[in-house]
Amino acid sequence: MSKATAKYLELIGELQLARLEHELRRVPFTQEEEVEYVAELDHWWREMTGDEQDAVERRLAGDPSGAPAQLPAEDVEVEIGSGSAPRREAA
Amino acid sequence: MYLTAQRVLAPTSQKTGINAFLYAHAGRKWHVPPSDIPDRDPGRLERKDIAVPPPGNRVRSYLDIVAPDDLSADELRRRLLAFLKRVQGQPFPWEAVDGPCLFRIGMDAELAKAGWSREVAALALAGAGLLAK
Chain A
1 MSKATAKYLE
11 LIGELQLARL
21 EHELRRVPFT
31 QEEEVEYVAE
41 LDHWWREMTG
51 DEQDAVERRL
61 AGDPSGAPAQ
71 LPAEDVEVEI
81 GSGSAPRREA
91 A
Chain B
1 MYLTAQRVLA
11 PTSQKTGINA
21 FLYAHAGRKW
31 HVPPSDIPDR
41 DPGRLERKDI
51 AVPPPGNRVR
61 SYLDIVAPDD
71 LSADELRRRL
81 LAFLKRVQGQ
91 PFPWEAVDGP
101 CLFRIGMDAE
111 LAKAGWSREV
121 AALALAGAGL
131 LAK
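Those sequence lines, one after another, are chains A and B.
For the first sequence, the residue numbers in this note's numbering are 1 to 91.
For the second sequence, the residue numbers in this note's numbering are 1 to 133.
For the record, the hints were derived by calculation from the structure and aren't laboratory data.
Keep in mind it's a predicted model, so treat the numbers as computed, not measured.
Cβ coordinates follow ideal geometry from the N, Cα and C atoms, glycine included.
Take these hints with a grain of salt, some might be off.
Sample of chain A residues with no beta-carbon within 10 Å of chain B, all distances over it, derived [stated by the list, open to error]:
1) S2
2) K3
3) L11
4) T30
5) H43
6) R46
7) G50
8) E57
So, partial list: chain B residues that the calculated Cβ filter (under 8 Å) puts toward chain A [stated by the list, open to error]:
9) Q6
10) G43
11) R44
12) P54
13) N57
14) R60
15) L81
16) Q88
17) G89
18) P91
19) G106
20) V120
Let the sequences and hints guide you as you build the complete structure.
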């Protein structure tokens, strides 16, 4: 993986976390904050070859590996005061 | 505490929503998460917030958090973000310990493809809402 590709993917990850952190704190993610990331993302995007850009687009469009079509789990009723878990392996 | 939020889908009505559960472990304190929580000992259910009534709904995603009862919400959020920074890009399910906390996240491919961070935010906010009640 080239330095440009690695930096681009690292920045995308940081951007996702920054957005998430703002959402959890219920604080808006401002356009100014977003612009800082976008400028740097643009820089590293231009540093990549066409093949590298295609590979990054494919990677970002795909789902993270390991996510199954369906989780093998279903929920169960749990009463207040109970000591049982709210989900179990699906039958 | 064991705090879990899970997005479920009702098989007949196709209604979807996030159910959250808060379990307490009275008298138990730890610096590293005990290995029996939550699988062998989820604790005693103290509160729940139900969007789609169980049982029998398909679980599409979940966020599990095991943490000391007295951990502040700010500290919990900081540790969750540190966990996510560490695991993002790895295959699901995600699981790791950060200090006294254990985090686990799983989701189906459709939710993951739509954006894992959006789903984690929804689950975490549902959990935070229950914690704040």
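*Does G43(B) meet its interface restraint, that is, does its C-beta lie within less than 8 Å of any C-beta in chain A?*
holds (7 Å)
*So, Q88(B) near chain A? Judge it on the closest CB pair being under 8 Å.*
holds (5 Å)
*Given hint N57(B) near chain A, where the shortest CB pair must fall under 8 Å*: This hint holds: N57(B) lies near chain A, its Cβ roughly 5 Å from the closest one there, short of 8 Å.
*asked:* According to the definition I'm using, a residue is off the interface if its beta carbon is farther than 10 Å from all beta carbons of the partner; does G50(A) meet that for chain B?
replied: About 23 Å separates G50(A) from the closest Cβ of chain B, which puts it past 10 Å; holds.
*At a threshold of 8 Å, is the proposed contact between P91(B) and chain A supported by beta-carbon distances?*
Holds, about 3 Å.
*Hey, is T30(A) genuinely clear of chain B, shortest beta carbon separation above 10 Å?*
With a cut-off of 10 Å, T30(A) remains clear of chain B, as the shortest Cβ separation is near 17 Å.
*Let me know if the C-beta of L81(B) comes in closer than 8 Å to any C-beta of chain A, holds or violated.*
Check passed: Cβ of L81(B) comes within 6 Å of chain A, closer than 8 Å.
*Would the hint on Q6(B) stand, with a C-beta cut-off of 8 Å toward chain A?*
holds (6 Å)
*Is the hint on V120(B) kept, meaning its closest Cβ partner in chain A is under 8 Å away?*
Since chain A brings a Cβ to about 6 Å from V120(B), closer than 8 Å, the hint holds.
*Claimed clearance of chain B by L11(A), with the beta carbon kept past 10 Å*: Given that every Cβ of chain B is farther than 10 Å from that of L11(A), nearest at about 12 Å, it holds.
*Check the non-interface label on R46(A): least C-beta distance to chain B beyond 10 Å or not.*
Given that every Cβ of chain B is farther than 10 Å from that of R46(A), nearest at about 23 Å, it holds.
*Let me know if the C-beta of G89(B) comes in closer than 8 Å to any C-beta of chain A, holds or violated.*
G89(B) check passes; min Cβ-Cβ to chain A is 6 Å, inside 8 Å.
The structure shown violates none of the earlier numbered hints.
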